[in-house]
Amino acid sequence: MTELPTNTAKKMGLVIDLDTCVGCHACVISCKGWNTENYGAPLSDQDAYGADPSGTFLNRVHSFEVQPAATPTQPDPAAQLIHFPKSCLHCEDAPCVTVCPTGASYKRVEDGIVLVNESDCIGCGLCAWSCPYGARELDLAEGVMKKCTLCVDRIYNENLPEVDRVPSCVRTCPAGARHFGDLGDPSSDVSQLVADRGGMDLMPEMGTRPVNKYLPPRPKDKLEEEIDVLAPLLAPVTETPGGFLGWLDKALDKLPGHSSDPSSGQSSGGSA
Amino acid sequence: MTFQQPRVETSPKVSDEIRQTTCYMCACRCGINVHMKTNEDGKKEVAYIEGNRDHPVNKGVLCAKGSAGIMQVNAPSRLKAPLKRVGPRGSGEFEEISWDEALEIAAGWLEPIRKDDPSKLAFFTGRDQSQSFTGFWAQNFGTCNYAAHGGFCSVNMATAGIYTMGGAFWEFGQPDWDHTKLFMLFGVAEDHDSNPIKMGLGKIKARGARVIGVNPIRSGYNAVADDWVGITPGTDGLFILALVHELMKAGKIDLDYLSRYTNAPVLVNQDPNSQDKGLFLRDDHGTPLVINRKTGKLAPFDMKGVRPDLGGSFKMGDVTHVSVFQLMAERYLKDEYAPEAVAERCGIPAKRIRAIAAELARVAFDEAFELDQEWTDFRGEKHDKMIGRPVAMHAMRGVSAHANGFQTCRALHVLQILLGTVEAPGGFRFKPPYPKPVEAHPAPHCRVTPNKPLDGPHLGFVHGPEHLALKSDGSPARIDKAFTWENPMSSHGLMHMVISNAHAGDPYKIDTLFMYMANMSWNSSMNTGGVIEMLTDKDESGDYKIPRIIYSDAYSSEMVAYADLILPDTTYLERHDCISMLDRPICEADGAADAIRWPVIEPDRDVRGFQTVLVQLANKMKLPGFTAEDGSAKWQDYADYIVNHERKPGIGPLAGFRGPDGDKSGRGEPNPEQLDKYIKNGGFFVEHIPAEASYFKPWNRAYQDWAVDLGLYDSPQPYLFQLYVEPMRKFQLAAEGHGDRQPPDHLRQRIKDTMDPLPIWYETDQQGNAGFTVNALTQRPMAMYHSWGTQNAWLRQLHGRNPLYLPTKLMRQHNLADGDWARVSSPHGEITVPVMEMAALNGNTVWTWNAIGKRKGTWGLQEDAPEATKGFLLNHLIHELMPPKGDGLRWANSDPITGQAAWFDLKVKIEKAGAPEDFTESQPILEPIKSPVGTGPKDLTWKVGK
Amino acid sequence: MHPAPSVILFTTLSGLGFGLLAFLGLGYPDVTGWVAFVFYAIAYALAVGGLLASTFHLGHPERAIKAFSQWRTSWLSREGLCAVAALLVMGLFAIGAIFLEQDWRLLGLLGAGLSLATVFTTSMIYTQLKTIPRWNMGLTPVMFLSFSLAGGALLAGQESLAIWLLLAAGGIQLTYWAKGDGAFAASGTTMQTATGLGGEGSVRAFEPPHTGSNYLLREFVHIVGRKHAQKLRAIALLLGFALPVVFLVLPVESSLIKHLMAAFAVLSHMAGIAVSRWLFFAQAEHVVGLYYGKR
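First to last, the protein sequences are chains A, B and C. According to the working numbering, the first sequence is numbered sequentially starting from 1. According to the working numbering, the second sequence is numbered sequentially starting from 273. According to the working numbering, the third sequence is numbered sequentially starting from 1219.
By construction, these hints were calculated from the structure, which means they are not laboratory data. Just so it is clear, the structure is predicted and the values come from calculations on it, not from any experiment. Glycine is no exception: its CB is placed at the ideal position from the N, C-alpha and C atoms. Honestly, I wouldn't trust all of these hints.
[Said to hold, decoys possible] Just a few of them, taken from the derived set where beta-carbon distance is under 7 Å, the chain B residues facing chain C:
id, residue
1, P544
2, S546
3, K549
4, Q1069
5, L1070
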């Protein structure tokens, strides 16, 4: 049924930390592995060992370069590289659901997960057209639309230990850049993270109200701007070229247990 | 209308069985859960691979390579049976033979060599992780010509670490991710220790701690760095010494730490005429001496209650001795190391260098903290707290693969040590079996006797000219010329020189080249085209110059076509392996750990694990070490060896579950149930380090005792960090004319210049390189490792071709746009490749992903695969020798200290070659090889459970 | 967007077919018997042929029946229902006209309405997509309807009306292009909003996620060169509107030539509309291209 539920009990989703993602593609392949073996048809690959290998993936990692504008303090700022994983954002106003002519696409009432019921899908592709995020891919072998299921077959799976009841991309992410939880609950860890770090929506102007949020990269390359604060840290211990060993002697004296014993009658620099 | 939605099965059965083993998609050695499902034929098949949560390395996470293991196990490029070459070398024409015949042929070649001159066998392994076993095999065969690929890869980093601080990065040590507040990561090529580093970065990022990346390329870890230092390649050492300059000048160094735990206070002979000049003042037992600040008198550094004086000096007769620290102050306080003096060469503004130095000082000292943990040091002194210095440093291969890489890595360790951050909470921590002083490692052995084992382990650490692997006439004992005056401290051997030396018959000719997992005719060699010629070159009589080549690999790699006999290996899920404490174990800073692989599936082809084949070959030849006194074979296969071999009584390849009841750790009799115990335990064993022993390990009595108990060493081995590396000075002394082992004259100056016992920096810009001004680098993508990604149907979609990345400035300068073709040349060669712009890149550096490019006909790919058409190797531009200098000699393109291949010193010239449509393939184009395995299927719809 | 032949055929043919049906339902021309049969045969061939063509791009055409179920939210579902209703109603009306010489006026009006509704719902499938700003305009249904009416008039032999409708449709086409060219920029969707990055600078796409191609790139990223597009637009205008008008206004006496001219006008118009539709898809920029740096 392609009418969107007016409200979902929970808003399960992902929070993706762009400040932490190193672009390793672990989530991409873990997702491919789990979803090839599990929910619905396998994610197929065409021309797998040939000239134009191309397969169905539910999660892909883009990368973007940001060139900060020059400022008086940073006349030649370095460009930044941001790795950007992208999968279904499980939108609250999911256009992919409402455009579906067969009811194959739907948004679950209990947790807000957007799914495709593959046996109802005619593979018309309209849902993919309506998705601004490129979250849906038509599987060429099966002829049905594939998308992120938020591992609906993991997160409630009683055959998995409780700790593993998270999407496979979250479980595998080495850097811990992916967080999973209920974004409808303001007290959840993910909601707190979004609040603390200024989590953002992608293409908010589309009105899709994505559940998944992205944590923006923290400001980068700011160390030099702190130099004035830090400068006294590097004040030389001595202004005279030969003064270093003199400073050393005094500094060593101040260390606990290091002070030279005057009764020995010898200075440390003395000769025997 | 009520809302009706389909019922989804939210609790499907995940698998029929989970088998836990160890990943081998890279050198990380993560624990994996292999989910097995029963197929229609009732056979269990691999359905899904995930990380093992209990495993000490990856704690459940897994990278792209690991999760794609299933596509590695079903890869169409897997070799199927032993092969005998029937066409000319390089043609790829083989016939399949039986294992009996294969072993017969191999033994038929090897036995006469052993009887006559075992050094005629050169046995080198590539991405092997069973070096303690392969080395044992080679030693018992009797050849001195054995090594793995470290000389090509990162010997500078490993050796500099061990000589300086008794441990190194990667498998040997790790930042204290839980406490560090400032993490500084040096060097390009973010592959080794990949999951632990990613996990650590995640941890410190979650805390909001600062990450500084020093790397010409802002990819991967550097992309998430808070501050990025886009340094000019090869100048890391100079940058580091400028930091040292600033920190010393400001007195922001840990004097207490330096005086207690390093050789900074050790006295050094300053007599300009003495043959001991620059050597330590020692007592009669050979213990280095310091001035005791309490008494002002000489004292052995390890004396109970001694307070070593950093500024101490001592006059003995006319000879002055000053402390190492004084020598350091004299050197590093000089203006030549001031930020302003180095800024231009490093490509980093002086202000930035100073800001970083200030931040290091601030965090190390102003944010110092204490752990409420008592401990006792090796001098018997009790400490009621552990002082933390939360600055952690780590480095990737980039700093290492330069001709000044050894000294650069030394400089980095000296910087860490000056801040007191090594083995301090919040700093850098060793993983067992490290820390381990350099003296506790063997020295290299090279004495070959027909029909007898070698006189000791091949590889090790030289302490002076006396340990060089030279024959009595002074010529190199080893085919790779490791441990010679050209590269005295080449602790990992020089795999990259084997083929060219064997081809040239310099220092001597060999008969059989035996290699394992080393793609020498492709991405594992510099000068790929040249190596291919050497492998196929014939002498006047029409015989191959390298007469016989045996090669073992699991896959149809480029090297297969160049061997005469192929011994097909299994995939990593079909074999036994041990990731041993005798080798490069999987330890973490908090525990000693080792692991196994075991056949979670049986091979469906006529292949055998390479190590088992070595056991079978050894048994066939009745090699000593493999043969019991009654002449019977000690072990039937590798699993048998893993369980029953004892290196010393009670110490074997695996430390866990020893003793008849399997309850002994480290030391204990072999346990026939050992492998089962490992399997039940998830494929690994871990023994945690007690809290009292967890920091300051080189000097911590509790740690030393724990390590002895576990069998890591036989007696406590406390030692000082070697800011000043005395063995290097010994080589300088020889070059100055002292001692009876003397270097050839043409090397004297270089040895004097480069083997400075205190870190220096020197320019690596190669002579003969005029006009080639752009640095060219390679690194592997995180989702791939070596060549293996290419055959993997999932991974090759991520990286099916590799552009040459150019910084914006060079793109504009050469009027290039994404997809255009550029001609890239070096003094050695030329390639034409597609380009792509990257803004976050050092302005005078280009780079590409390594080992994406493939030879047509290999890896089970179709010949029009993008890897074979668009993909390319930078290796064509790099030579194992430097361009001629005009002195009649060809100098090796390597570090003069360790022999590490200096492939990051590559400088190139860039020219626009054409628009996207002007070329269809990267140049050069090599002839296709006939595939011994055919090509893979067109489409894949992989699903085991229906 | 990928200009798939199936959707181009579908929208071109069914637009014409339903346009003709609309005129027939309105009683222009008011025909019966064999003449009616020919007209209806042409109309049904076009409308049904177009609908059949549209199923070629389905992954599972055998499940197409399910597509009628979601009329409450889905324009594609509504289009299916409208099309079936229009074809049924007009079918009854046609039976009356062909076999019974009957003119069931109300039924005809209803059928005409449903036929135009079908064209409207078709257009709304595209118009509703915020992801494709060039389509997400009020002009899109206007254009579809104007083409359908002009083509219908042409096929229905309503020459004088057709001339005006063709001129109007041509004008709408020009306006649509002019407005469409600025639609993406006007939508406010940019690399910045797509990524949330670039607060302090500019954003550019670096490496794509995979070096290989994928469904999204094949389906959504089609780049038409500017010069090429201008040429095709000129051809579309010429064939779709200008030439047909010329064919219609040429003063010819012979009815044979007149019919020939009308046939030329129809063929030219169809070709022009097909080119216009090719451009409609090929030039439509999906916002997902931003993530690939292709916008």
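Which constraints among the numbered hints does this structure fail? Numbers only, ascending.
1, 2 and 3
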